[in-house]
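Quick note: the sequence shown uses UniProt numbering, first residue 1, plus one each step.
Please keep in mind that the hints were generated in silico from the structure rather than gathered at the bench.
Errors might be hidden in some of the hints.
Claimed, not checked - Taking lysine-lysine and the DSSO-like style, the derived pairs with C-alpha atoms no more than 27 Å apart in a straight line are: (1) Lys60 / Lys23; (2) Lys23 / Lys79; (3) Lys60 / Lys27; (4) Lys36 / Lys60; (5) Lys36 / Lys79; (6) Lys36 / Lys23; (7) Lys60 / Lys79; (8) Lys79 / Lys27.
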Amino acid sequence: MVRHIILWNIREEIAGVERVRVKEAMKRELEGLRGKIDGLLELEVVTRPLPSCNADVMLKSVFTDAQALADYIVHPEHKRVGQEFVRPVVCNRMCMDYEE
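Throw the hints in and build the complete structure from the sequences for me.
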């Protein structure tokens, strides 16, 4: 199995109710990928970190193998969600992929 973890920060100029709205949209759209991509076993998006955190949103997902992760990255639905709901609102991204 391969685990894929992403941490994002929302752009600083997005604040208040709008910040909550974009985080909820990211969660809804990313979690909507479940069942649409072969080899994607689990996917969860966390949008309410504790105050001790320095990231705003986390995606954690599990794939059958490295090829399934590679297929996910180029999948049209994944690319659409990234282009419409993630890239426009984030200012940085960190990624950790590892095999178990």
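Given pair status - Lys79, Lys36, alpha carbons within 27 Å | holds (13 Å)
Are Lys60 and Lys23 close enough, with their CA atoms no more than 27 Å apart?
-> holds (15 Å)
Are the Cα atoms of Lys36 and Lys60 separated by 27 Å or less?
-> Answer holds: Lys36 to Lys60 is near 16 Å, not above 27 Å.
Are the Cα positions of Lys60 and Lys27 separated by 27 Å at most?
-> holds (11 Å)
Assess, step by step, whether the Cα of Lys79 is no farther than 27 Å from the Cα of Lys27, and give holds or violated.
-> holds (15 Å)
For the pair supplied as a hint, Lys36 and Lys23, is the alpha-carbon distance within the 27 Å limit?
-> holds (21 Å)
Given the proposed pairing of Lys60 with Lys79, does the C-alpha separation stay at or below 27 Å?
-> holds (17 Å)
Pairwise hint evaluation, Lys79 against Lys23, where the allowed Cα distance is 27 Å at most | OK: Lys23 and Lys79 at ~18 Å, within 27 Å.
The structure shown violates none of the earlier numbered hints.
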